[in-house]
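Visitor: Throw the hints in and build the complete structure from the sequences for me.
Here the sequence shown is numbered in my numbering, starting from 1 and rising by one per residue.
Keep in mind that the hints were calculated from the coordinates and are not lab data.
Just so we're clear, the structure is a prediction, and the values are computed from it rather than from any experiment.
Quick reminder that beta carbons are idealized off the backbone N, C-alpha and C, glycines included.
Be aware that a few hints might be false.
Label-pair distances were calculated between CB atoms; the ranges are [claimed, not checked]:
#1 Glu54 x Ala27: 35 to 43 angstroms
#2 Gly61 x Glu248: 20 to 28 angstroms
#3 Met1 x Gln373: 34 to 42 angstroms
#4 Asp113 x Glu24: 31 to 39 angstroms
#5 Gln373 x Pro131: 44 to 52 angstroms
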Amino acid sequence: MPANVFVLGLDRLNLDTLSHLPQEEYAFHELLHKDELIGIDDIDIPALLDRAEERLDSFAGPIDAVIGYWDFPVSSMVPILCRRRGLPSAPLEAVVKCEHKYWSRLEQRKVIDEVPAFALVDLEGDDELPPGLDLPVWLKPVKSVSSELAFHVGDRTELDEALGAIRAGIDKYGEPFEFVLDQIDLPPEIAAVGATACLAEEAAVGQQLTVEGYAQAGRAHVYGIIDSLTYPDSSSFLRYQYPSRLPEQVRARLVDISTRVIEHLGLESTTFNIEYFWDPDRDRIRLLEVNPRHSQSHATMFEAVDGVSNHEVMVELALGRAPGERTGGAYGVAAKWYLRTFDDGVVSRSPSPEDVARVERELEGVTVRVVAQQGGRLSELAQQDSYSYELAQVFIGARDEAELVEKYERAVALLPFEITDGGGVRG
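Guide: In structure tokens form, the structure reads like this:
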């Protein structure tokens with residue numbers, strides 16, 4: 001009999017990936033719709049938990065696992081629901097140590113040296129940087145999602161503008177995150193900070209990348225490193241690419257750093273991903289942030305190259321099992337591309353389902369997800385970074401990097417976007 005696995009925010013693209021797992025072993029059930037959890041302005045976690053509990057209580061069969069691959073609030077809800085049901089999951093305290101950016105920095109600093117300089121910003125005081133930090137810096141709330149309200153600040157004007165935007169928007173995630181903080185015993189220094197504080201960090205430079213792995217039985221295991229390539233002169237992602245092209249000795253250092261951090265944080269029975277910068281000129285690594293979940297953006301890449309998506313690792317851990325071996329997939333390289341525009345406007349035309357079907361039919365190994373729908377204003381899209389707007393996501397498997405780029409360029413040419421009232425497409 002298949003295990004009943006409930007997925008917070010199950011969506012079509014990820015259901016397609018999950019459906020590639022052995023159907024005789026797993027039965028996947030939606031636990032709240034994605035639209036109830038992702039991109040909403042008013043996050044009421046107690047109400048969402050009650051709704052999820054009602055759905056679980058109404059199910060006639062056994063409940064074997066509760067999982068989720070989205071950022072907050074899903075990442076915090078999974079351990080709360082699992083704790084209530086006695087299911088395997090990461091401890092909530094360990095999850096919060098990752099998600100509270102200031103607490104996470106304090107913990108990281110105890111076991112590694114690859115942490116940028118950081119300090120809290122007084123949002124109620126003058127628009128000044130904390131002592132010991134100089135421009136350029138990154139400013140970010142201690143709790144945010146998908147780089148919302150994260151600003152690279154290079155001069156006084158940008159500092160004033162960033163602090164104004166953070167003050168205006170920090171409650172969106174900070175207030176619901178306070179509920180999560182109330183569920184655990186906080187150390188005094190974190191209780192005093194709360195969830196609506198702001199962090200300033202030294203601006204790391206170099207190549208951005210992500211280490212993915214899982215923790216089980218007190219040990220951390222890394223199963224992949226992904227390169228994160230940005231648009232020229234921008235912090236906005238152009239694509240994630242797997243496997244990484246980093247030198248072997250750098251990859252080995254990243255594995256060692258990641259293992260020490262994850263085991264120190266106490267993560268258990270969960271996947272994780274850690275974002276880094278590597279500066280090749282100085283051969284210097286800086287840890288950007290720790291996420292107590294894997295990246296659903298990477299799922300199709302792992303499946304394409306390794307033959308096993310990171311979703312399968314998540315499911316096996318949630319069922320209390322050890323993840324299996326990775327046997328190899330159909331492609332040598334894979335990527336998730338972000339087609340973006342950097343100016344606001346109205347989407348006067350976007351690809352139809354027929355347009356998407358044509359791309360996926362004509363280009364083997366390509367899947368398209370349209371983000372910006374016709375008639376919508378780009379600035380009203382949910383969970384965008386502070387500098388650009390996603391039009392579409394294009395997932396591609398290829399023999400090598402040259403074919404990867406060629407497939408993407410052909411896909412973009414077949415995706416008809418038109419933006420009026422400002423803006424042009426950058427691909």
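Visitor: Confirm or reject each hint.
Guide: Hint by hint, here is what the structure shows:
1. Glu54 and Ala27 have their C-beta atoms about 20 angstroms apart, which leaves the hinted 35 to 43 angstroms range violated.
2. A beta carbon spacing of about 47 angstroms between Gly61 and Glu248 contradicts the range 20 to 28 angstroms that was offered as a hint.
3. Evaluation of the 34 to 42 angstroms hint for Met1 and Gln373 yields a pass: the beta carbon distance comes to about 40 angstroms.
4. The given range of 31 to 39 angstroms is broken by Asp113 and Glu24, whose C-beta atoms sit roughly 48 angstroms from each other.
5. In this structure the supplied range 44 to 52 angstroms holds for Gln373 paired with Pro131, their Cβ-Cβ distance being about 47 angstroms.
Of the numbered hints stated above, those contradicted by the structure are hints 1, 2, 4, listed in ascending order.
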